[in-house]
Amino acid sequence: MTAVVANRDPNSPLYDRIDLSRTFFAGHSGGGQAALQAGSVFPGIASLIDPAMRVRGVLAVQPGPLAVGALVGVPTLFLTVYNDFVVPDFAWVRWWQYNLTFRASGWIANARGVSHCNVLWCNGKPLPQDVFVALLVHAGQIVTALLGLPRGAR
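Numbering (our numbering), first residue to last: 1106 to 1259.
It is possible that part of the hints are untrue.
[As the list claims (entries may be wrong)] What follows is a list of derived Cβ distance ranges for each label pair:
| hint | residue 1 | residue 2 | range |
| --- | --- | --- | --- |
| 1 | L1205 | V1110 | 31 to 39 Å |
| 2 | D1114 | G1136 | 23 to 31 Å |
| 3 | D1114 | W1212 | 34 to 42 Å |
| 4 | L1171 | A1209 | 13 to 21 Å |
| 5 | G1218 | L1153 | 39 to 47 Å |
| 6 | D1121 | W1200 | 39 to 47 Å |
| 7 | G1149 | F1195 | 26 to 34 Å |
| 8 | I1150 | D1124 | 13 to 21 Å |
| 9 | P1156 | P1115 | 32 to 40 Å |
| 10 | V1191 | A1108 | 28 to 36 Å |
| 11 | A1214 | I1154 | 27 to 35 Å |
In short, the hints are calculated from the structure, not lab data.
Here the structure is a predicted model, which is why all the values come from computation and not from measurement.
For each residue, glycine too, the CB sits at the ideal point set by N, CA and C.
Please model the complete structure; the sequences and the hints are all you need to start from.
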């Protein structure tokens, strides 16, 4: 809701600069679970929050178990890691999230050599903020390409 308010506030530096028609939900672990849950609920009510709001997809990074893929109605990219003992790739992410995603397109990718808590680390060090932001932008570009949306599409 903060983004919607900032987009409407003429005193905000974000005033009329947020494209609500291309909203994605993303998160890691419990946040990934919440992103999946939001992808299940918000597409149907987004226009009630703001008439321009359209939910275009979900990026669920090692999502928690309390979300069901069959309820997600927008294209979803699931990211898992091979050495994850908190959110094992072979467990719920595949069984009742990815494999049950049938109301919209779904993709799954698996990274090797990292675990649940160091997915955003490289060589034992946290990724610099600019690299992390670049990864998020790149993930957004991948999802946009998978959806077939032109860049800058409204």
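Has the hinted range 39 to 47 Å been met by the Cβ atoms of D1121 and W1200? The hinted range 39 to 47 Å holds for D1121 and W1200, with Cβ atoms some 43 Å apart.
Whether the CB-CB distance between A1214 and I1154 falls inside 27 to 35 Å: holds, 30 Å
Between G1149 and F1195, is the Cβ distance one that fits in 26 to 34 Å? 32 Å Cβ-Cβ, so the 26 to 34 Å window holds.
Determine whether the Cβ-Cβ distance between D1114 and G1136 falls within the hinted range of 23 to 31 Å. holds, 26 Å
Between G1218 and L1153, is the Cβ distance one that fits in 39 to 47 Å? holds, 43 Å
Can the suggested window of 28 to 36 Å be confirmed for the beta-carbon pair V1191 and A1108? holds, 29 Å
Kindly confirm whether 34 to 42 Å is satisfied by the beta carbon distance between D1114 and W1212. For W1212 against D1114, whose Cβ atoms are near 36 Å apart, the range 34 to 42 Å holds.
Using the Cβ atoms, figure out if I1150 sits within 13 to 21 Å of D1124. Because 19 Å falls inside the window, the suggested range holds.
Take a look at whether the Cβ-Cβ distance between L1171 and A1209 falls inside 13 to 21 Å. Cβ of L1171 to Cβ of A1209: about 19 Å, so the range 13 to 21 Å holds.
Given a hinted range of 32 to 40 Å, is it respected by the beta-carbon distance of P1156 and P1115? Given a distance of about 18 Å, which is not inside 32 to 40 Å, the answer is violated.
Taking 31 to 39 Å as the stated bounds, is the beta-carbon spacing between L1205 and V1110 within them? holds, 35 Å
Hint check: a violation occurs at hint 9 only; the rest are consistent with the structure.
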